[in-house]
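Asker: Sequence:
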Amino acid sequence: MAFTTTIATPKPVAAGHVAGRVGRQTSFASRVQKWEPRYTSLAARNVVVRAGDATSTGAGAVNDDTWEELVLKSSVPVLVDFWAPWCGPCRMIAPIIDEIAQEYGDKLKAVKLNTDESPQVATEYGIRSIPTVMVFKDGQKMDAVIGAVPKSTLVQTIEKYMN
Numbered sequence: 232m233a234f235t236t237t238i239a240t241p242k243p244v245a246a247g248h249v250a251g252r253v254g255r256q257t258s259f260a261s262r263v264q265k266w267e268p269r270y271t272s273l274a275a276r277n278v279v280v281r282a283g284d285a286t287s288t289g290a291g292a293v294n295d296d297t298w299e300e301l302v303l304k305s306s307v308p309v310l311v312d313f314w315a316p317w318c319g320p321c322r323m324i325a326p327i328i329d330e331i332a333q334e335y336g337d338k339l340k341a342v343k344l345n346t347d348e349s350p351q352v353a354t355e356y357g358i359r360s361i362p363t364v365m366v367f368k369d370g371q372k373m374d375a376v377i378g379a380v381p382k383s384t385l386v387q388t389i390e391k392y393m394n
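In the numbering used here, the protein residues as written are 232 to 394.
Hints should not be assumed to be uniformly reliable.
[Stated by the list, open to error] As a list, the in silico BS3-like pairs of lysine-lysine whose alpha-carbon atoms are at most 25 Å apart:
1. Lys368 / Lys391
2. Lys372 / Lys391
3. Lys304 / Lys391
[What the hints assert, rightly or not] Distance ranges between label pairs, derived from CB positions:
4. Gln371 / Asp295: 14 to 20 Å
5. Gln387 / Glu348: 27 to 33 Å
6. Lys391 / Glu330: 28 to 34 Å
7. Asp295 / Ser383: 28 to 34 Å
8. Pro316 / Asp296: 15 to 21 Å
9. Glu390 / Trp317: 28 to 34 Å
10. Pro350 / Asn394: 31 to 37 Å
11. Gly319 / Asn394: 31 to 37 Å
Worth flagging that the hints you see were computed from the coordinates, not collected in a lab.
We put the beta carbon where it would ideally sit given N, CA and C, even for glycine.
Input sequences plus hints: build the corresponding full structure.
Answerer: Written out as structure tokens, the structure is:
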């Protein structure tokens, strides 16, 4: 799947112009009479953005409706990342969660729960700060890590509950 968008970018400026100004006056005497424009037109370029299936390359998504099936009834331990799109630290650890999902493969299921879209589960487990990463095994919450932490911290937490 590909999305195409057009972005207007300014053409390069001539030498002698100062970035950040719309134009410059050529002399003190002609300051009122003559104004030299800085940009005469905008150049358009197309940018193609490809969107892939998030579940094939890392952690899958879970919500209030799929929580029981994907997390509580899982036959393998589950790493759950409670996050929100506006949360900077959540976006920082998202690639780490995806890496862990790839490295553990079928031995561990990694999922992400958007707390804005699925507040019921977040409330049930007392999520007051995000990112919060929880480990579930046999339908029970085993451990939780709060905040943006290094990969090594998450791996140590996971390893405690691997068979």
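Asker: Give a verdict on every hint.
Answerer: Verification of the supplied hints:
1. Lys368 / Lys391: At roughly 11 Å apart (the allowed maximum being 25 Å), Lys391 and Lys368 satisfy the hint.
2. Lys372 / Lys391: It holds: about 13 Å lies between the C-alpha atoms, which stays within 25 Å.
3. Lys304 / Lys391: Answer holds: Lys304 to Lys391 is near 20 Å, not above 25 Å.
4. Gln371 / Asp295: 14 to 20 Å: Since the Cβ atoms of Gln371 and Asp295 sit about 19 Å apart, the hinted range of 14 to 20 Å holds.
5. Gln387 / Glu348: 27 to 33 Å: At roughly 30 Å between Cβ atoms, Glu348 and Gln387 fall inside 27 to 33 Å, so the hint holds.
6. Lys391 / Glu330: 28 to 34 Å: violated (19 Å)
7. Asp295 / Ser383: 28 to 34 Å: Since the Cβ atoms of Asp295 and Ser383 sit about 32 Å apart, the hinted range of 28 to 34 Å holds.
8. Pro316 / Asp296: 15 to 21 Å: holds (19 Å)
9. Glu390 / Trp317: 28 to 34 Å: holds (31 Å)
10. Pro350 / Asn394: 31 to 37 Å: Because 33 Å falls inside the window, the suggested range holds.
11. Gly319 / Asn394: 31 to 37 Å: holds (35 Å)
Hint 6 alone, counting from the list given before, is not met by this structure.
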